[in-house]
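Student: Sequence:
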Amino acid sequence: MAARGAEVEVVPYDYPAEQVLERQPQGVFLSNGPGDPEPVTAAVRNIKALLGHVPLFGICLGHQLLGLALGAESYKLKFGHHGANHPVLHLETGQIEITSQNHGFALREDTLPSSVRVTHRSLNDRTVEGLESLVYPAYSV
1 MAARGAEVEV VPYDYPAEQV LERQPQGVFL SNGPGDPEPV TAAVRNIKAL
51 LGHVPLFGIC LGHQLLGLAL GAESYKLKFG HHGANHPVLH LETGQIEITS
101 QNHGFALRED TLPSSVRVTH RSLNDRTVEG LESLVYPAYS V
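Per the numbering used here, residue 1 is the first one in the sequence shown, and the count goes up by one each step.
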């Protein structure tokens, strides 16, 4: 992102949303990380506070945390997604994207509110691999 001219500032997961907004970012990138998203309540609380104030984009754990902030639940996968060559269907374009993944948890699709649309789905186990809020500028893969 910096190579494309974006000014990038890294803050910890529990950095207060109010302080993020004081910096007037053009967007917030919710990065990846290890483990179960459920116990990371500080991040979910901060993401909820950022929704509607700044565009959000999450990947991997950031995707799962965004889903939790939007009202979904997560669960532990029987077999995690690890390594390269995981086929994912982009539901809007119909294209199959070959991805590299490293996560052991997923979002429960049946708990997503109607204000959230699934954008990407694993072709191996049909799990949610991307979403979009229909209310806020918030997206994830």
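Just to be clear, a hint being listed does not mean it is correct.
[Said to hold, decoys possible] Computed Cβ-Cβ distance ranges for the label pairs, DEER-style: (1) T111 with K78: 27 to 33 Å; (2) P137 with A42: 21 to 27 Å; (3) V10 with A49: 14 to 20 Å; (4) G35 with E9: 35 to 41 Å; (5) E18 with K78: 21 to 27 Å.
Keep in mind the hints are simulated off the structure, nothing from the lab.
Note that the coordinates shown come from a computational prediction; the quantities given were computed from them, not determined experimentally.
A virtual CB, placed ideally from N, CA and C, is assigned to each residue, including glycine.
Student: It remains to establish, for every hint, whether it holds in the given structure.
Tutor: Status of the hints after comparison with the structure:
no.	hint	verdict
1	T111 with K78: 27 to 33 Å	violated, 18 Å
2	P137 with A42: 21 to 27 Å	holds, 22 Å
3	V10 with A49: 14 to 20 Å	holds, 19 Å
4	G35 with E9: 35 to 41 Å	violated, 24 Å
5	E18 with K78: 21 to 27 Å	violated, 39 Å
Hints 1, 4, 5 from the list above are not met by this structure, while the remaining hints are.
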